[in-house]
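Colleague: Here are the chains, one letter per residue:
There are 2 protein chains.
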Amino acid sequence: MTDKDIITLAHGNGGFLTHNLIKQVFTSVFDNPILNIQGDSAIVKLEDNNIVFTTDSFVIKPLFFPGGDIGKLAVTGTVNDLAVSGAIPKYISASFIIEEGVAIDQLKAISESMQKTAENAGVKIVTGDTKVVERGSADKLFITTTGIGNLIYKDTVYKPSNMRAGDCVLLSGTLGDHTTSILSVRSEYPLKINTISDCAPLNDLTERLIRAVPKESIRIMRDPTRGGLATTLNEFTNGCGLSIEIEEAKIPCKQEVQAVCELTGFDLLYLANEGKLVVVCAKEQCRKLLGIMHSHPLG
Amino acid sequence: MTDKDIITLAHGNGGFLTHNLIKQVFTSVFDNPILNIQGDSAIVKLEDNNIVFTTDSFVIKPLFFPGGDIGKLAVTGTVNDLAVSGAIPKYISASFIIEEGVAIDQLKAISESMQKTAENAGVKIVTGDTKVVERGSADKLFITTTGIGNLIYKDTVYKPSNMRAGDCVLLSGTLGDHTTSILSVRSEYPLKINTISDCAPLNDLTERLIRAVPKESIRIMRDPTRGGLATTLNEFTNGCGLSIEIEEAKIPCKQEVQAVCELTGFDLLYLANEGKLVVVCAKEQCRKLLGIMHSHPLG
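Protein sequence lines, in the order shown, are assigned to chains A and B. Just so you know, the first sequence maps onto residues 1 to 299 in this note's numbering. Just so you know, the second sequence maps onto residues 1 to 299 in this note's numbering.
One should not assume that every hint holds.
Intra- or inter-copy, both count: the list cannot distinguish identical chains.
[What the hints assert, rightly or not] Dumping the calculated DSS-like pairs for lysine-lysine here, alpha-carbon to alpha-carbon at most 30 Å: (1) K154 / K124; (2) K108 / K159; (3) K61 / K192; (4) K288 / K140; (5) K154 / K23; (6) K23 / K254; (7) K288 / K192; (8) K116 / K4.
Derived from the structure by calculation, the hints contain no laboratory data.
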């Protein structure tokens, strides 16, 4: 590989090389009419003026892992934060902090993965920023995405205080796949396992669930990422005067994930997931919502 | 200083210490009713559904400099990107990538500075994220802010193709103050100068200018940050078939900034500014707009 193929500090100075990089790696991949105006900001139109707004930084190591990469994760994570708030995600911004020395081919593969994920989720990447930092000042690449969208029901906020005694907790699939896939490619855990990250946009599933039942029946939803299911349920019950009972034996998990937990001492309930959904709902809608989950590719 | 006062990896794992950090350093400082719902997303209401959306990552070294800090810069930069697009900035998200070992007091000072800047600019910090990376994996602190707001005139996009032969270029003040202030505190340039960064939100100034003249009279606006005035003017003329003539001798700059340019060989026209505005306008509105700039504290 020649110097031409890696990121240098000059790619970050705002001049000719910065413009070339942005064109070659980002705008040509995220190609859409809003992005192409290329001003300092994107001008977008939403359905209405009740806006859900969320941001997340992604610092995953390594950049590529079984079932995904930092780009897929960066779009998925922000789409899912909007989805579990009861919104239809529409537009995404992406800001890249790149360490000097990163291969331009890798960046391009990551932006292509972001675009593919955005298409799958029905969102557009409309604005962004690129910074380059000196070798040793960042861990290859950090991506921060921010998303906006409209609420499906204008006046419905999913929050812990909606929960009632007797409500059900639904979980959309096996736990721990994401963390396990990352561990499998980190050199400090040379595990011979083939777990694939569950990284996937949940907005199609959440929209189906929301539209299927009376709007107060879903109390709160969350994607149990960093901190896992245990942290999510803790956040739900914190200060609301209720407790949530789960039967550990009934929590679904893949055999190899179970094995990794036994080997390493990790607690399945604290492992990160990137394509799972937790829903607290009224008991009478539990079967219907579970049926929708079962019939969905991500359920 | 004890271990209790610095950021550790445990502050980033999504558990108890993460919640404490967010509460102690961020939500207690950015305190507002929207933020306090503390879901995965903020739910905000804008005036209408034509939304301007922009993002920027801030990687400045050192974190504190004469006239500002990374927090002030992170709010100002995003406010200014919205302002020069012709929008009224309303809501900001802030995502923090923190290197293990950073002092919590420093983080708190930075978030206080963000809050003060947000108040001055009339925007609210409503959602955010915090990640902690291992020592050596980031340069102390990176902040990514994303902003949304409404256009002052719904159907007006300020873009290079609006420019006409004979238009005037207005500049709101002296160039190079920001870069010079940063150089003065970097150890590789032990310069004995007292230049203060011009870092300031421009949205009050841009709104006054926009509202003062017929809406087509202002063709394009930009804050000449990274890459300086030269890069901004280059972006304006690129591909629009016009050229911009400037008289270098008339470009205002402080004596010490001039001296630094002579000593270091830096070109004033390429130095970064964080509180200056470039406006291209119809010739007949030039005096009026210049008058407004002169009467404004930032002009």
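Colleague: Kindly indicate which numbered hints from before are broken by the structure, ordering the numbers from low to high.
Modeller: Failing hints, ascending: 4, 6, 7.
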